[in-house]
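S.K.: Taken in sequence, the protein lines are chains A and B. Going by this note's numbering, 23 is the number at position 22 of the first sequence; the sequence numbering is gapless. Going by this note's numbering, 239 is the number at position 132 of the second sequence; the sequence numbering is gapless.
What the hints contain is simulated information worked out from the structure, not anything from laboratory work. From a predicted model like this one, the values you see are computed outputs, not experimental measurements. Incorrect hints may have been included.
[To be verified] In silico SDA-like links for lysine to any residue, alpha-carbon gap of 20 Å or less:
(1) B:K231 / A:P296
(2) A:K54 / B:M116
(3) A:K54 / B:R266
(4) B:K230 / A:Q3
(5) B:K115 / B:D143
(6) B:K115 / A:H83
(7) B:K255 / A:A138
(8) B:K115 / A:Y7
(9) A:K54 / B:Q182
(10) A:K26 / B:P113
(11) A:K54 / B:E169
(12) B:K231 / A:L82
(13) B:K115 / A:A88
(14) B:K115 / A:E136
(15) A:K26 / B:Q135
(16) A:K54 / B:D167
(17) B:K115 / A:H8
(18) A:K54 / B:A117
(19) B:K115 / A:S84
(20) A:K54 / B:Q135
(21) B:K231 / B:R249
(22) B:K230 / A:A88
(23) B:K115 / A:Y189
(24) B:K230 / A:H83
(25) B:K115 / A:D52
(26) B:K255 / B:R266
(27) B:K230 / A:S84
(28) A:K54 / B:K255
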Amino acid sequence: MQAFTYHAPRSVNEAVELLASTDGKSVLLAGGTDVLVQLRENLRHADHVIDIKQIPELTQLKTTADGGLSLGSAVTCSQLLHSEPAAPYVALLDAAQIIGGWQIQSRATIGGNLCNSSPAADSVPALLALGAEVEYATPTGTQTCCVSEFCTGPGKNVMNGQGLLVSLKLLPLGPTSGSAYERFIPRYEMDIAVASAGAYIELADDGTIATARIALGAVGPKAILATQPADALIGQTPSDELIEDVARQAATLATPINDMRGTIEFRQQLTYVLVKRTLHTALLRAAGQVVSHHPR
Amino acid sequence: MPGKAPAKMAISTTINGQNYDFLCEPRQSLLEVLRDSLQLTGAKEGCNNGNCGACTVLLDGEPVNSCIVLAVEVQGRELTTIEGIANRGELHPIQQCFLEGAALQCGICTPGFIVAAKALLDKKPNPSEEEIRFALAGNLCRCTGYDKIVRSVQAASERIQAGSTPKQNPQPNQTNQQQAQQQQ
Chain A
2 MQAFTYHAPR
12 SVNEAVELLA
22 STDGKSVLLA
32 GGTDVLVQLR
42 ENLRHADHVI
52 DIKQIPELTQ
62 LKTTADGGLS
72 LGSAVTCSQL
82 LHSEPAAPYV
92 ALLDAAQIIG
102 GWQIQSRATI
112 GGNLCNSSPA
122 ADSVPALLAL
132 GAEVEYATPT
142 GTQTCCVSEF
152 CTGPGKNVMN
162 GQGLLVSLKL
172 LPLGPTSGSA
182 YERFIPRYEM
192 DIAVASAGAY
202 IELADDGTIA
212 TARIALGAVG
222 PKAILATQPA
232 DALIGQTPSD
242 ELIEDVARQA
252 ATLATPINDM
262 RGTIEFRQQL
272 TYVLVKRTLH
282 TALLRAAGQV
292 VSHHPR
Chain B
108 MPGKAPAKMA
118 ISTTINGQNY
128 DFLCEPRQSL
138 LEVLRDSLQL
148 TGAKEGCNNG
158 NCGACTVLLD
168 GEPVNSCIVL
178 AVEVQGRELT
188 TIEGIANRGE
198 LHPIQQCFLE
208 GAALQCGICT
218 PGFIVAAKAL
228 LDKKPNPSEE
238 EIRFALAGNL
248 CRCTGYDKIV
258 RSVQAASERI
268 QAGSTPKQNP
278 QPNQTNQQQA
288 QQQQ
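Between the sequences and the hints, there should be enough to build the whole structure, so can you do that?
M.R.: Below is the structure:
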C-alpha cells in the first residue's frame, strides 16, 4: 500500500480541520472495507488517512428525543445488528446482515456504505425507505440533507470529499408499521446486488395504508426513491392486486445498465419482483409477524 | 515514491493474551505486521482485499479480515490469532474436529475458518447448520467444498457442549486418510 500519514482525531471539528488543511489529499477511514482496498489497488490516492473511529459521538447509536434513531457515521453493521434501539428498523438490519460476511460486518459502517456511494450499496434503499436524514460537517458548518439527495452518482455525493458524515437520523416508526430490504444476487451470500428494493409501510387504525415508501437499488446511477408508486398505496386497503400494480409501476422507474451481472430487462423484472416481495414482507411485519430471511 | 515515508508508529496491543509492542508504518496492514514483523504466520494472505477470510483474526472478540485493518488501528485492542486457539499444545475442539473430519485439503483457508468458527461457537454454542453456513460465508475454501467444514464445526459444537476434553489422536494422518476413503 502507498505511504500515508495516519491521524486519529478525537472530535468532529478536529477531523474537519484536518480534512481542510490537507487540501484534498486526505481520505476518511471508518471501517476501511472499501477505502483500504481502494488505496491498496491504487484506485484512490491519499497522503493522509483520517481515522474517525476515535470520535466518541460518531460511534453512538441511540433513540432521539422524537422517538427516531440516530446513527453515528462510524457505527458498524455488527453494532447495529446487536443494538436494542435499532431493532425495530428491520429494513436496515436486513441490509446490514448481508453486507459482506461477518468479518466485513465487524468493521463496515452504514455511514461508510453511504459515503462510498455505490448504486448497489445495500444500506441505501433501506435508509431511503426508512426516511433518513443525513447530517454532515464541513469547514463552513454542519449541513443536513435528505438521504435521497446525498448521493449524486456512482461514487459521488454532495460532500465532494470536503465533508465528514456525522450521523444519520431515521424517522420515528409508526405504531403499526413494517419495513423490509431484499436484494437479488446469483448466490446465497457475499455478493453485490444485481437489483434491490426497500419498503416501509405504516397502517392506520382502519387497516388502510397511512404512509408508504419504496426505494430501488442497483437499477440507476444512484438508489431511486419511488415516490409516485408509493403514494398510490396511501389510503388503500392492502391487497395482492394493489401490490402487484404498485410493483409494476415501480419497475418502470428502474433505469438499469446492461452488464455481466444482468441485462436491463432482467433487472427491471427483478425490480418488480423485489418491490412486490418487500411490500409483502413489510405488511407481514406491520401485522406483527416475524419474517426473517437470514439467521440473525 | 514521492516525499519521505511517514515515521513509524509505536503500537501496543495484546495478542493471544500476551503484550506486544511494535513499530509499524501507517500503510502496513495488520496481516503484514502479524506475519512479517511478529512472526505470527498462522493468518494467511489469500486475496488481500477482504473477500476470502484466510487472514481472519479476532479483534476484541469480533472476526475481522486482518488484510483490511491497519496495524495502527489495533493500538490498545485485544487480538486473537490462530496461534492462540490451542491451549498449551492441546488442540481446541474445533481444531481437533477439523483434523478428524478431514475438513481441509491444502489448508490455506483453515486458520481463518477455525478462528471464525471459534467466534461463532463462543457467541452461539449450539448453532444450526444454517447459522454455521451464514457465519462462515466470509471464509472461502477452494479445495474441499464446505460440507466437511460445516460437519466439523457441528461436531466441535457437540463436543464443547458435552464438555469433554478433546482427545489427542495418536495417528491423525492415518485417520484422515481412512476417513477420506470412507467418505468418497
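S.K.: Taken at face value, is the distance from the CA of A:Y7 to the CA of B:K115 at most 20 Å?
M.R.: At roughly 10 Å apart (the allowed maximum being 20 Å), A:Y7 and B:K115 satisfy the hint.
S.K.: Between the alpha carbons of B:K231 and A:L82, is the straight-line distance 20 Å or under?
M.R.: Holds, at about 15 Å.
S.K.: Does B:D143 lie within 20 Å of B:K115 when you go C-alpha to C-alpha?
M.R.: 15 Å, holds
S.K.: Starting from B:K115, check that the Cα of A:Y189 is at most 20 Å away, please.
M.R.: Judged against 20 Å, a Cα distance of about 42 Å means the pair is violated.
S.K.: Holds or violated: A:K54 and B:D167, Cα atoms, limit 20 Å.
M.R.: 15 Å, holds
S.K.: Can you confirm whether the C-alpha distance between B:K115 and A:A88 stays at or below 20 Å?
M.R.: 42 Å, violated
S.K.: What's the verdict on B:K115 and A:H8, does the C-alpha distance respect the 20 Å limit or exceed it?
M.R.: 13 Å, holds
S.K.: Take the C-alpha atoms of B:K231 and A:P296, compute the straight-line distance between them, and say whether it is at most 20 Å.
M.R.: 12 Å, holds
S.K.: Keeping to a limit of 20 Å between CA atoms, is the pair of B:K115 and A:S84 held or broken?
M.R.: 37 Å, violated
S.K.: Would you mind confirming whether the straight-line C-alpha gap from B:K255 to B:R266 stays at or under 20 Å?
M.R.: 16 Å, holds
S.K.: Between the alpha carbons of A:K54 and B:Q135, is the straight-line distance 20 Å or under?
M.R.: 18 Å, holds
S.K.: Hinted pair, alpha-carbon criterion (20 Å max): A:K54, B:M116. Please report holds or violated.
M.R.: Within the cut-off at roughly 18 Å; holds.
Of the numbered hints stated above, those contradicted by the structure are hints 3, 4, 6, 7, 13, 14, 19, 21, 23, 28, listed in ascending order.
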